[in-house]
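As you go down the protein sequences, you meet chains A and B in turn. Residue numbers for the first sequence follow this note's numbering, so the first one is 74 and each next one is one higher. Residue numbers for the second sequence follow this note's numbering, so the first one is 74 and each next one is one higher.
No lab work stands behind these hints: they were computed from the structure. Some hints here could point you the wrong way.
If chains are identical, the list can't say which one is meant, so a pair holds when it fits in one copy or spans any two.
As the list claims (entries may be wrong) - Here are the simulated lysine to aspartate or glutamate pairs, EDC-like style, with alpha carbons at most 20 angstroms apart: (1) Lys-389 with Glu-82; (2) Lys-257 with Glu-216; (3) Lys-128 with Glu-250; (4) Lys-257 with Glu-82.
Number of protein chains: 2
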Amino acid sequence: MTDLPVRIEITEEGPREGFQIEKGPIATADKIALIDALSAAHPPRMQIVSFVSPKLVPGWADAEAVAAGFTPRPGIAYTALWFNAQGLSRALAFRDRLSITGSITFAASEAFSRKNLNRGHAEQMAAQRALIATCRSAGVPVERIALQAAFGCNYAGDVEVAQAMAVLEDAMALAAEEGCAITKVTLADTMGWADPLHIERLVGAVRERWPNLAVALHLHDTRGLGIANALAGLRMGVAMFDAAVGGLGGCPFAGQPGAPGNIATEELVFLAHEMGIETGIDLDALLEAAALAERIVGRRLPSNLLHGGSLTRFRKAA
Amino acid sequence: MTDLPVRIEITEEGPREGFQIEKGPIATADKIALIDALSAAHPPRMQIVSFVSPKLVPGWADAEAVAAGFTPRPGIAYTALWFNAQGLSRALAFRDRLSITGSITFAASEAFSRKNLNRGHAEQMAAQRALIATCRSAGVPVERIALQAAFGCNYAGDVEVAQAMAVLEDAMALAAEEGCAITKVTLADTMGWADPLHIERLVGAVRERWPNLAVALHLHDTRGLGIANALAGLRMGVAMFDAAVGGLGGCPFAGQPGAPGNIATEELVFLAHEMGIETGIDLDALLEAAALAERIVGRRLPSNLLHGGSLTRFRKAA
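Turn these sequences into a full structure, and let the hints guide you.
Pasting the structure below:
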């Protein structure tokens, strides 16, 4: 148990990733209300908006209005997602409100790369090289590599550790060639294929190969193992996690409509706190934000803690 | 990882525990249909019926009809729940179809003992002594101790390991006085208070005190940590678990209507299989039974795997 971290850093992704699979458009005011409610729980980082083509993702046509409308709270790094020069330049217009750092993205499965990124691995290498150049000219450091479908893929099946490592080798080599100081790699279980032993194997391989790199886990709870996989990560000393309030979200390109989404932030926070690991997050304020998220989407969200409730009131009464 | 069991024995409790918190009466034919659908997945053990007072639990007024109506499959031990001489005599009428063994039950929290068992610990000791005598005269061996609220209690707060162990000491002493050869102790997280470290502490304490006793975990997913807690148990070598198809169930005396129920059998089976641990259960047949359970209760059940689907079809297509 000695590898358990003392403190973990959770990036709240509900406002950005959370609504992308919802059917109806989510009102701009509701997006802003959720961000502000989440700010009251003070997560250290929150990804709040996506500067993508309104043609491809109509739900983010209001990215500017959201970025301008929320109320920033001191001590929270608000971040945005973008995939190209145009998106970056839209994000940079909010440099006073957003924390802008670059990252490059690959998929461990060629099939998913084509589905989600619209390019195979070779083309994605070229595109990411161009993205690094764009960041460089804007003075934005590229510090992170994100690996999608790192454990498995609905289109290509299981992803072996060697395959994920080969894609990461390419990404690290590209970053080195381009002079980027990568400090963090995010392993994303985009379609819910990971199990605790697979987490251990891949995290172990990354750590052995690049001992100075921080490993982050982006886990989905598609098949119910999300929190157990987070536990496996914690036991390996992983101290950075992405999560979405209420268990919002899911991958729109996974071919699984109706499947559960990201691990619920409040369940991860509860797991950590019960095990004596600090998160800096106010769990009860987070549960209020989760209840708001559920009202906004108008369907029962998958988070069990949201419906079971925290132990706070029971401990107070006892 | 060396403590991971090669094979685990899961007791399916959906048909018995599953419907006790549902609002409307569940039709006898539906109960039988679910048992038969579950039999197709061949779990090693299945608790299918509760011989309790129809006044206290009106939903089990049809216990005899269910016990007479399902189709037993070879290789599956079908069990029943009862709490007194009258219940046992009703169960014994189905000795040809049911596997009848005795167990004694305590709650680790005095407050929950009064709520759920209608007696404090001292009275429960007397009642369990009488139950052992009843079993003895019927030729039914008492082999198991079940400890409810073993990790915490909505009425009394956290339950420390020392407190749970003190109640177990009393139960073991009673069993020894009465000449019962206890082989198994079930630690029940009846109201969803456990976390992985607490599982380790209590399982470790029980194993140190009684090295020859098999430990079983009965986990609820009230707050989203159920499968992570099962993982913690697996790592301690725990090889017996209770679970309920679809995540049915929950404790009617926990004061938390609407809270999620037991851990979903299919998520536990999926966790085990992905980690290379055998269960003997056909996961896809189990998911069909889970879908039937959801149709019967007419609400979305908490199991994520039920909605995300297993990996079988993706692996076949890959």
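- prompt: Does the structure break any of the earlier hints, and which numbers would those be?
  reply: Violated: hints 1 and 3.
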